[in-house]
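Undergrad: Residues per chain, in single letters:
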Amino acid sequence: MIESVILWFLAILIAPFFSAVILKVKAFFGGKKGPPLLINYYTLIKLFKKGSVYSNSTTLVFKLGPIISLATAVTVLMFLPIAGYTPIFSFNGDVIFIMYIMGLGRFFTIAAAMDTASPFEGMGAAREAYFPIICEAAMFMILIFFYRLTGELQLASFFTGGNTLGLWNMAGAPLLFIVIAFFIILLTENSRVPVDDPATHLELTMIHEVMVLDHSGPDFGLIELGSFCKLFFYATIISRLILPFDFGVPAFGFALFVLGLFIVYLAIGVTESVIARYRMDKVPQFVLTSFALAFFAIIISLEFIK
Amino acid sequence: MTTAFLKISNGETIERKKIPHLSFDQFRENALNIVKEGGKVVQYFAYEDGEALKLMAVLRNNDLLVAGCDAPKTYPSFTNTCEPFHLFEREIAEQFGIRPEGHPWLKMVRYHANCQGAPDVFGNDYNQDIPGNYNYYQVEGDEIHEVAVGPVHAGVIEPGHFRFNCIGERVLHLEIQLGYQHRGVENLLHKVTAKRLPILAESIAGDTTIGHSLCMAQAVESLTSVQPDIGAKIIRTIALELERLANHIGDLGALSGDVAFLPPANYFGRLRGDFLNLSLLVCGNRFGKGLVRPGGVRFDLADDVRATLGERLAELKPQVEHVLELLFGASTVRARFEDCGSVSNHAGEKLGLVGPAGRASGIAYDVRRCFPTEYYGQIQIPENAKPTGDVYARARVRYDEVLQSMNMIQSLIDAPIETQCVENGSFDLPPSAFVVSINEAWRGEVSHLVLTDEKGKILRYKVKDPSFHNWNGLAMSLRDTGISDFPLNNKSFNLSYCGYDL
Chain A
1 MIESVILWFL
11 AILIAPFFSA
21 VILKVKAFFG
31 GKKGPPLLIN
41 YYTLIKLFKK
51 GSVYSNSTTL
61 VFKLGPIISL
71 ATAVTVLMFL
81 PIAGYTPIFS
91 FNGDVIFIMY
101 IMGLGRFFTI
111 AAAMDTASPF
121 EGMGAAREAY
131 FPIICEAAMF
141 MILIFFYRLT
151 GELQLASFFT
161 GGNTLGLWNM
171 AGAPLLFIVI
181 AFFIILLTEN
191 SRVPVDDPAT
201 HLELTMIHEV
211 MVLDHSGPDF
221 GLIELGSFCK
231 LFFYATIISR
241 LILPFDFGVP
251 AFGFALFVLG
261 LFIVYLAIGV
271 TESVIARYRM
281 DKVPQFVLTS
291 FALAFFAIII
301 SLEFIK
Chain B
1 MTTAFLKISN
11 GETIERKKIP
21 HLSFDQFREN
31 ALNIVKEGGK
41 VVQYFAYEDG
51 EALKLMAVLR
61 NNDLLVAGCD
71 APKTYPSFTN
81 TCEPFHLFER
91 EIAEQFGIRP
101 EGHPWLKMVR
111 YHANCQGAPD
121 VFGNDYNQDI
131 PGNYNYYQVE
141 GDEIHEVAVG
151 PVHAGVIEPG
161 HFRFNCIGER
171 VLHLEIQLGY
181 QHRGVENLLH
191 KVTAKRLPIL
201 AESIAGDTTI
211 GHSLCMAQAV
221 ESLTSVQPDI
231 GAKIIRTIAL
241 ELERLANHIG
251 DLGALSGDVA
261 FLPPANYFGR
271 LRGDFLNLSL
281 LVCGNRFGKG
291 LVRPGGVRFD
301 LADDVRATLG
311 ERLAELKPQV
321 EHVLELLFGA
331 STVRARFEDC
341 GSVSNHAGEK
351 LGLVGPAGRA
361 SGIAYDVRRC
371 FPTEYYGQIQ
381 IPENAKPTGD
391 VYARARVRYD
401 EVLQSMNMIQ
411 SLIDAPIETQ
421 CVENGSFDLP
431 PSAFVVSINE
441 AWRGEVSHLV
451 LTDEKGKILR
461 YKVKDPSFHN
471 WNGLAMSLRD
481 TGISDFPLNN
491 KSFNLSYCGY
501 DL
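Going down the list, the protein sequences come from chains A and B. Its first residue numbered 1, the first sequence is counted upward by one per residue in my numbering. Its first residue numbered 1, the second sequence is counted upward by one per residue in my numbering.
Hints in this document: simulated from the structure, not taken from any laboratory. Since the structure is predicted, the reported quantities are computational estimates derived from the model, not experimental observations. Please note that a few of the clues may not be correct.
Pulled from the structure, derived: some chain B residues nowhere near chain A, Cβ distances all over 10 Å [claimed, not checked]:
no. : residue
1   : Lys-18
2   : Pro-104
3   : Pro-119
4   : Val-259
5   : Ala-260
6   : Asn-277
7   : Cys-370
8   : Glu-383
Derived pair list, reagent style BS3-like, types lysine-lysine, alpha-carbon separation capped at 27 Å [as the list claims (entries may be wrong)]:
no. : chain 1 : residue 1 : chain 2 : residue 2
9   : B       : Lys-455   : B       : Lys-18
10  : B       : Lys-18    : B       : Lys-40
11  : A       : Lys-33    : B       : Lys-317
12  : A       : Lys-63    : A       : Lys-50
13  : B       : Lys-317   : A       : Lys-32
14  : B       : Lys-289   : B       : Lys-17
Where a beta carbon is used, it is the ideal one built from N, C-alpha and C, also for glycine.
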């Protein structure tokens, strides 16, 4: 239990570092040096030192947005088996709980954006509400797939110890589809290229960034930390999926886990560097690909597991 | 067809009394006929001649044509039947209080009181200096929403207000209100001493320094009967092409950045700097300020500078080609550029689009080919017209022009260039003269027009930046386009705010 809490804490601490890896990769492809790897910590410290500015037209909802979005992000990390260890909390059906805890976070971010009554933020909120709906369908497909394999709806039963390796032994080929589908969901949920452009300054094209335009100082710091944690959550799952080996030696397990994380963050960085962002009306097609892949994986698994 | 308008050539000084002074009806009929048959408006403005208020128009078909008339208090709008007059009529109404009756969109251009003290045509109260203080077009209905952007923007750009009427993500109408940078350039040009004119011309639009200062220099040279030597003409041609290169490359980089395709955005950003540094090499200023003066240039191109220029260009060329390939070869980029923000050839003709934006809509007009100045008469300029009118076409025109400009400069610096440098000096203009000069700057047709009075004082100095024609093209391209594609379209036009606001 103690080690689970320590791992949880470490995960929150290290999440900003990995997000900076993406920046480094993008800078490399752009022929630049890029910001230091600790840039996100500097930014967070800077933001927490500042004061917050609130518009007269906003209400309590606006102030709740950042707090709840961070709270939900760190809560879902409590259910996450990090490096194959048992998470702090785990119960049957927790995956559904996790999905909607994240949904709660998104709801409050959207509510806070609507609260400002800015037309930009309204547009961003509409987009932010739209794309994850498709993600949710894909997520459920993935859950059905895991349920078919393990008969359980518990994150720990998929990703702790040797369980993940067991999944590969059971249904390796369809699991490959699941990895890709999950990567697409990761890109969508975390506002990465080709769905959203985290680097743009153009309000009209933004999705996630535009919703948090009016947040400043510590509030914005909370939102940033929350989004680092969220990305870490998805990256951890993919890391475990692609490197499921369990040697029984903790040091090896950790090394493998960190390697997996690097691979995922590098993949995000490379994706962002080699493709342009999709046109807004093409994004649903891209996101639906993840649904199709997961669906296809289930159909294949129907044959495998009788 | 015969016309009462007088044929003139680019940069030719004419005595004012030789310009046909028609009756208003005759002026109107002739002007409308020329433009209806495919002619375009280069300049159309009002000016005060003693007590009288007069109108003058410079039109172009295959030739430049000019005529004037006495200005009526009000008159039936030309725009109703002939769209290219649209903004010019609004400008006249704003500057001189002459109302074009039945104008379909009589709205102020830059938000300032007219200099005549005539009653304001738009009924504006100018006590508060807010250009956007105006009732915008509104669309009503379910799911309609309005988005206001600017005048203060997120990037480091100039101020302008954009009002979108949208249904969901789709833009029904975009209304653009500029005027936040109105400095009174034209009035200032009337007041200053001759010596300061070239310096003011350089600052009309900083990114079109060479374009505007060339127009000024050619107009003054023609008026004072000074002929710059061939070396100066070549250096000016090189400078104008360097300006085009730096800006086109910057635009392509910005387009790439707007679709979140970062590598070319970064490389082009660096290359733009390299081309600006070539201007620095030629004249000591990255934007070409201080190079062009009436009578020639202030800096010659000595053989060692010429050699360095050639070496650097030879080094940059493969890099530019490589990055162009990277940008245009990426399928995801093409997916974004193609079919985005199309302006049809028909709409482009009616709006009178010029420059790369016009060529992208299939309007081949290029001053360098149609009314060559400087050394362009000796250079083959391809047509570069594209049929589609979308962002891809506007990017592709720049792609072609970047490569052509590099070849052009390389061939120009092959042989030694000799010129006698001139300094910034004063000059006297001849009395009762008229001249119009036009050049193809990187955004398109820039035009300066000078009228002098009986004492040789400037009576009217009219400036027209290509952006004056093209802003409505941007508004048109947004029709039925996703609002998230606005920044991309905006970059593909990349128009000047200060060139429009004057």
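Undergrad: Give a verdict on every hint.
TA: Right, here's what the structure says about each hint:
{"no.": "1", "hint": "Lys-18", "verdict": "holds (52 Å)"}
{"no.": "2", "hint": "Pro-104", "verdict": "holds (28 Å)"}
{"no.": "3", "hint": "Pro-119", "verdict": "holds (36 Å)"}
{"no.": "4", "hint": "Val-259", "verdict": "violated (4 Å)"}
{"no.": "5", "hint": "Ala-260", "verdict": "violated (4 Å)"}
{"no.": "6", "hint": "Asn-277", "verdict": "holds (18 Å)"}
{"no.": "7", "hint": "Cys-370", "verdict": "holds (36 Å)"}
{"no.": "8", "hint": "Glu-383", "verdict": "holds (29 Å)"}
{"no.": "9", "hint": "B/Lys-455 with B/Lys-18", "verdict": "holds (18 Å)"}
{"no.": "10", "hint": "B/Lys-18 with B/Lys-40", "verdict": "holds (22 Å)"}
{"no.": "11", "hint": "A/Lys-33 with B/Lys-317", "verdict": "holds (24 Å)"}
{"no.": "12", "hint": "A/Lys-63 with A/Lys-50", "verdict": "holds (16 Å)"}
{"no.": "13", "hint": "B/Lys-317 with A/Lys-32", "verdict": "holds (21 Å)"}
{"no.": "14", "hint": "B/Lys-289 with B/Lys-17", "verdict": "violated (36 Å)"}
Going down the numbered hints, you'll see the structure goes against 4, 5, 14, while the others check out.
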